[in-house]
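*Asks:* Given chain A, work out where chain B should sit, using these hints.
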Amino acid sequence: MEHAVPSNVDLEELRDRISWLIRLRWWAILGVLVTIWVGRRMFGVELQRSPLFLIAGILAAYNLVFWVIGKWVPRATRGPAVSYFANLQIVLDLIALTALLHFAGGIENPFICYYVFHIVIASILLSRVATYLQVTFAMALLVTMVTLEAVGAIPHYHLRGFLDETLYRSSVYVFGGLFAIGTMLYFTAFMATSITSRLRRREAEIVHLSTALREHAEDLSRAYDALRQLEGARSDYLHRVAHHIRSPLATLERMLAVVSEGRTGRLPDRSKEMLDRARTRVRDVLDLARDLLVLSRTREALPLAERKIVDLAALVRDVASEFRHQASSAAVSLAVSCPDRAVQVVGDPDSLTELLENLASNAIKYTPAGGDVRISLETRRHQTELCVSDSGIGIPPGEEERIFDEFYRATNAQESGKDGTGLGLSIVKAIVETHGGEISVESELGEGTSFRILLPSSDHRRP
Amino acid sequence: MAETGAKKVLVIEDDPDAVDTLKIVLEDEGYSVSSARSAEEGLKRVHADRPDVILLDIMMPSGTEGFHFVWQLRKDEDEKCRNIPIIVLTAIHDKTWVKFYPDKSDPVYQSDEYLPVQGFLDKPASSQQIVGEIEKVLSGQGTPFRGEKRSEA
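Order-wise, the sequence lines are chains A and B. Take the first sequence: its letters are residues 0 to 462, numbered as in numbering that gives the first Met the number 0. Take the second sequence: its letters are residues 0 to 152, numbered as in numbering that gives the first Met the number 0.
The set of hints was computed from the structure by calculation and includes no laboratory data. All clues stand as given, with none of them false.
If you only want the chain A side, here are some residues facing chain B, beta carbon under 8 Å, derived:
(1) Glu252
(2) Arg262
(3) Thr263
None of these values were measured; they are calculated from a predicted model. From the three backbone atoms N, C-alpha and C, an ideal C-beta is built for every residue, glycine too.
So here's chain B without its partners, still in its complex pose:
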């Protein structure tokens, strides 16, 4: 149901209940939503749909799949796809001080950069929070994580 002018959101999340719930809220708020259940499927949908923003569950089953997706996308050949803003969905960021640098054995791992994503949403995020974060990122006010080096102290 592509409304002209509606922003396109791609939800990459392996929990189907979470996907359905997000879809209900986002479509209610005027967004056009597509979804993928894995990083691999996600990359395919990115190329097919060219969404305006991606909501990504960072801990999809293995724990590294989400990171892998981010690094892969940021090296994509298609420039438009490369720069699509990503909002990370996580159940354990808030107050648990998890820093998002992935497993060093991942061949796509960039050792000295933070994860180049533009926003974080802690589950459970309220409908206002979700919409708020999407709007913030789409208007260019998302966190400029890209290229930010971290010190290995």
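Pulled out of the complex, with its shape left as it was, chain A reads as follows:
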């Protein structure tokens, strides 16, 4: 017997539907009263008012009892009890309908088809088997009532002014009518219970899915926490490695500096020169170690870590003013073109600053005196475009792809005598990618280079 004992979810649902039925019954009682009144007043049909009002009164009385039961019975009532409650209501309703029909013409009354409502309600509230049992009970009541009237065992209350008086005794009409109604009710039960059971299966699926979804979300949240801790631990490790490499190198540089600056005694020029060259080499390695740390950290940064809303326009202006001095020392003009209002993207402000600083620094470094560097920021519909262009030495043809590779320096850059770790553009590319953007480069050897970065704009509603 499927759904014989309803599950917890079904139980909630069953209770709700029973409340709905009780509310519906009030309207049905009103309907009965209106029908009686309309029948008599408007159509002049003679009716047995007293018995009909009495039955309506009984209906109202037991509906009130049901309503009270619904309010006062504890929520913890078990499944079977609630099922019996539903069955009982329908049984009583069927009896009430049969009684009403008996006092209002029996088989003459067109409202005989109203049994179908109870069958549909039964298929919504009850199990399949229970529904068919209710249909059988309804037919038993109806057949008994009609047959007993036809043979004269109980009185027939003819509806005067409506149909012919002999109809209720006509066996053809009686059999025909009962057969039609009986088949209608069974088929209705069949169709309605099929639909309901499919509905119930769907509902069970939905509940199952939403439970699975919630569990999945919890798993995801736990996994993310674990990942963050891991990232924290690895990040710690990277920092400690960086510290252990850089700290002694830094001390080394300082020791050389202290001697070179003459603080430990007078130093011959050649000695000072050698020491300074040594210091430069040490600083190169320090830069390399720092860049490797930055690159590692950027590459492996979780997309969701440290995400904030960043105003790119303000950032561009800040970096530009940071490089004014360097640009003027190199006799290179630095122009900035960006909107006055804020340009928002989602990301890590420190990384974005690093990105701009790298590009600006490169642009100035590789542009000869008298040249110009331009930083521009533009918003498109769903993207923000950042360009850093210069009129510098450019990139040799065929090397544009490779400049983003680690430790790769373009041949003309190497020959320029300026130093670089070869990691700057790798870092830039890694930062762009972490922010969900794209970077491309255009260049003419000897004319200049232009880097173009596209970043997705922030969605203000979901930072």
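*Replies:* Same frame as chain A, now just chain B:
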């Protein structure tokens, strides 16, 4: 060699070469220098010497010792000691975006404040940078990190 009027600098750093190098530069520039090799020793020297400024290596061996020292000092009973400005020496602050809030399991950890220090020096800092930062902090223009809350976003 206490010159009268010379500002006193306490260097807390576990690398003896770094200590010696700093000492050479600072004494050359007119400061009086004392040193300690650990946070524990550092606290003792603070109480003994009452320096005007502290140069602290933040990553002394374990990585948390430096932080621990800062929080301890800021809760010191002696008011003068409590308010001595601290300049943090670090090899990995510049461009590596290390934010200085320490391990949460440290009992002295203040969860919602930045490290209450007044200056940062990235190693290797030039002699000018070191002197510049010390003078800036001593003249009261150091970063007022004390009590600055951070948002746990």
